[in-house]
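Trainee: So the protein sequences, as listed, match chains A and B.
FYI, in our numbering the residues of the first sequence are 1 to 513.
FYI, in our numbering the residues of the second sequence are 1 to 513.
Certain hints may be false.
Across the chosen pairs, the derived CB separations fall in these ranges [unchecked claim]:
no. : chain 1 : residue 1 : chain 2 : residue 2 : range
1   : B       : Pro-457   : A       : Glu-253   : 36 to 44 Å
2   : A       : Gln-105   : B       : Gln-194   : 33 to 41 Å
3   : A       : Asn-467   : B       : Arg-497   : 25 to 33 Å
4   : B       : Gly-427   : A       : Pro-349   : 39 to 47 Å
5   : B       : Ala-334   : A       : Ala-36    : 31 to 39 Å
Take a look, some chain B residues computed to stay more than 12 Å from chain A by CB distance [unchecked claim]:
no. : residue
6   : Ala-21
7   : Thr-102
8   : Gln-105
9   : Arg-191
10  : Gly-195
11  : Lys-210
12  : Arg-222
13  : Gln-254
14  : Ser-284
15  : Thr-291
16  : Ala-322
17  : Gly-373
18  : Pro-468
19  : Glu-494
20  : Arg-511
21  : Gly-513
If you are wondering where the hints come from, they were derived from the structure by calculation, not from laboratory data.
A virtual CB, placed ideally from N, CA and C, is assigned to each residue, including glycine.
2 protein chains.
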Amino acid sequence: MNGAESLLQTLAGAGAEVCFANPGTTEMPLVAALDASPHVRAILGLFEGVCTGAADGYARMSGRPALTLLHLGPGFANGIANLHNDRRAGSPVVNLIGDQATWHQAADAPLSSDIASLARPVGWVEEVRSAADLAKAGARAWQACFGPPGRPASLVVPADCQWEDAAGPAGAPLLPPRPGPAAEATAGAARALQGGKRSFLLLGANALGKQGLTAARRIADRSGCSVLVETFAARIERGRDLPDFPRLPYFPEQASQNLAGARVVVLAGAVDPVAFFGYPGQSSRLVATGTAVLPLASPGEDAAAALEAVALELGARASAPAPDPPRPLPATGALGVRALGQTLAALQPDHAIVVDEAATSGLAYHAFASGAGPHSLLQLTGGAIGQGLPCAVGAAVACPDRKVIAFQADGSGLYTLQSLWTMAREGLDVVIVICANRAYRILQAELGRAGVAAPGPKAQALTSLANPDIDWVALARGFGVPASRTDTAEGFAEALRRALAAAGPSLIEARIG
Amino acid sequence: MNGAESLLQTLAGAGAEVCFANPGTTEMPLVAALDASPHVRAILGLFEGVCTGAADGYARMSGRPALTLLHLGPGFANGIANLHNDRRAGSPVVNLIGDQATWHQAADAPLSSDIASLARPVGWVEEVRSAADLAKAGARAWQACFGPPGRPASLVVPADCQWEDAAGPAGAPLLPPRPGPAAEATAGAARALQGGKRSFLLLGANALGKQGLTAARRIADRSGCSVLVETFAARIERGRDLPDFPRLPYFPEQASQNLAGARVVVLAGAVDPVAFFGYPGQSSRLVATGTAVLPLASPGEDAAAALEAVALELGARASAPAPDPPRPLPATGALGVRALGQTLAALQPDHAIVVDEAATSGLAYHAFASGAGPHSLLQLTGGAIGQGLPCAVGAAVACPDRKVIAFQADGSGLYTLQSLWTMAREGLDVVIVICANRAYRILQAELGRAGVAAPGPKAQALTSLANPDIDWVALARGFGVPASRTDTAEGFAEALRRALAAAGPSLIEARIG
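Chain A on its own, in the form it takes in the complex (with noise of 0.2 Å):
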């Protein structure tokens, strides 16, 4: 047995089933490895940053790791925005980065460079010198990607431990468990909480499942506390069913006023909130001075427990079923933001996973979706765009059984488009619907808050998608998914739902004013 092998047999033995892969030359051992580890399905990636945000949706969605496989320090370096969104996401990954073999990084050839800089900043990291020591390696990374929070945990292995002989794999490592919640801490929070509507419960990580929001929905029931979701969750059910809070707001004005009137503010898997971005004259935390932080939970812990618990401490039961929210129906006429995000939430089925990277185009959405069936929301938490594509392969891959819709803006999405190209490759059952608006219009509208009223014709050019028009329908073709484009409600929806009732990739350009 190789290095290489007994580093897989040791990640599928802790259960590794799937890996993300672009490699190269260096890493033709785990390349081979991989035939024989039957357990580990290897899936081709175009470009990095498709296997490492594929690697987040499935972590997202099963709760596992997923491998990738990437190409010393240029190949892991495009994979690295997602990463970025994975560790932000709390997500678990376990990065296999070839390198040169030890003997020949002195001679720094030209692909060599220094990997561990580049990969620090995403998470943990680990250099490889010997064969002998990578089956062992390999199981600390993949105890070391569950955190908590989950983070992506980057192996550096040089080529000549994977090809050199190594004794066998090593033992599946043990796993920290989620911490649950502190009696002192459950404590604090349901005296917190009993202060009425002064009293904020923001809600982030683990407390975003069934079992969060319902013992969330107790505790407000019963002390009349408001209820808050944080900006970007990794993951949140909604629909039908469950109970839905209002968002945080993006815009910091817009947070800092709803958070305005707390006395107090419990966080219950979410942290502090910060603004995304600073502006001249704001400050950085969305909580004003005067009102009291109280930590229930941290992202890394068990929120959603922390949250029973403090529900029982209050004495709070089941809540009556709240009154169905409207199901909306399809929209007609014209396809703006309203109508799109109207129609998405009409027809969506029940169980789809919603992978929500539509900027600006989907923020009319979210409402109409509280009425929609049970579904797994997936957002944007670290910023890095281009994370929508690869997170629904991701998804669909971890749950071959649903539906997966990625709700795509158009800007963001040219960043990894080719996602498409695996999405046909593996036949995942994902419906891509481009919001088409031809404009970073986030942009648009941050360029009016940094006081240029009237953009000149270079700030105008560098925030428009036009000239030439980008044309998703072509290309789709190109990577082999079928599509097609629509710019009114009744054709969107007619779109939508042939593209649902088709067995594997399909992409609808939606094309909004």
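Once you've looked at the hints, dock chain B against the given chain A.
Mentor: Chain B in isolation, oriented as in the chain A frame:
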């Protein structure tokens, strides 16, 4: 004047003429400042690797740095692979990377990360801390990127340093001269090269221009020494009327064999050559242990001038004009790599810029191209694939009066295919020849070298681009570039003639066996 304006005026004053940009919220003041900087052209890339690769191509053809404008750590990370190539090419590039406002960094907002840790592996980096210092920091970055050798210089610019008031631009920095030849090294090289064909002269960097190549020819004619060219050149002048020397082969056993009889290897703009990858039982260095290695000029020094000094020292006169190599004729019949290379060399116009990321599909071209008209050849210096199309963008921006031919492998081209849109938007005169063999052919060869005689289904799948085939004609049209497909030599010749006759970009999918 704000910090952003002071920075851009400083850089424009130093000579910056182009900014390849993919900005976000933290770069809005710099975007606005571009409109106030009439001499800096702003060019949008839909992915950051397009911007950094374009800056490389621009530097190779103009000798001047371009600016890039990138969005925090994740945006920068998407540009790292081509900055790695930039660094290996010795290309001066100035990266302007927006960051969170200084006072917002402690908040660890979703897009925050350690940008400097990401930037260090690819060159010089400085984190700006005040608007007052921004202009001077820009001057330092401009100076730093020239090296020598040239390299990426990355300036991390917090948003508040852009929007706050600044006094004004800084003066243009003094640029370090490229060090010329030392008399001692010249005399030593002249002595060493007099040993006949067992004395080798290895050319790289600026030895590969007309001046250096001509001097090397004179030296070889006088001394009988052997001359080789480094395997991957940032830029080499080739074609009729220019001296042509064999290239050091890519595979280490072939390269070592080429150098096996050497008594001494004199390095003129090249480094002591090493294997691209380490293989079991082979050594890192390609020069045998008993062979002396004599540095005449490092890649950052003026190797062309050093060669002229050596020629003078040897009393070498101007060489008699070599008999013109045969002009290749277009091939006929089936389209394989040989017919492709021959036809391209036959039809490429004089003074073309050929960007070679054709990988295995390009090997046959180089022998034919010595008989083509004079042209510049740009190659993949750092091995980070996805460089060809972006590099062609930059070369076309630098040289609007020359035809650019992107001679492009299909696998590599898919990493940064968004380049096509920038070519269309800017109306760049680029003919893209996609060598569509539907495989990572080099990896299939490397699997064999790694001892995998019969690749299993996963190894096959991970090295194949088939199932489904990529439709490059559709992809090109999706980005607004006209395209056609052919699988015969005659069809390729016809498509190439048509594409070369047209203005603006066009793509040919050359389907080869």
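Trainee: With reference to the structure, classify each hint as holding or not holding.
Mentor: Against the structure, the hints come out as follows:
1. B:Pro-457 with A:Glu-253: 36 to 44 Å: violated, 56 Å
2. A:Gln-105 with B:Gln-194: 33 to 41 Å: holds, 37 Å
3. A:Asn-467 with B:Arg-497: 25 to 33 Å: The hint (25 to 33 Å, Cβ to Cβ) holds, given that Asn-467 (chain A) and Arg-497 (chain B) are roughly 28 Å apart.
4. B:Gly-427 with A:Pro-349: 39 to 47 Å: holds, 45 Å
5. B:Ala-334 with A:Ala-36: 31 to 39 Å: holds, 38 Å
6. Ala-21: Its Cβ does come within 12 Å of chain A, the nearest being 6 Å, so this is violated.
7. Thr-102: Contrary to the label, Thr-102 (chain B) does not stay out of reach of chain A, its closest Cβ about 9 Å off (not over 12 Å).
8. Gln-105: violated, 9 Å
9. Arg-191: Non-interface label stands for Arg-191 (chain B): nearest chain A Cβ at 28 Å, farther than 12 Å.
10. Gly-195: holds, 26 Å
11. Lys-210: Nearest chain A Cβ is 25 Å from Lys-210 (chain B), so the label holds.
12. Arg-222: holds, 32 Å
13. Gln-254: Given that every Cβ of chain A is farther than 12 Å from that of Gln-254 (chain B), nearest at about 16 Å, it holds.
14. Ser-284: Given that some Cβ of chain A is not farther than 12 Å from that of Ser-284 (chain B), nearest at about 4 Å, it is violated.
15. Thr-291: At roughly 16 Å from the nearest Cβ of chain A, Thr-291 (chain B) sits farther out than 12 Å, so the non-interface label holds.
16. Ala-322: At about 31 Å from chain A, Ala-322 (chain B) clears the 12 Å cut-off, so the statement holds.
17. Gly-373: The assertion about Gly-373 (chain B) holds, with a minimum of 30 Å to chain A.
18. Pro-468: violated, 3 Å
19. Glu-494: holds, 23 Å
20. Arg-511: holds, 14 Å
21. Gly-513: holds, 21 Å
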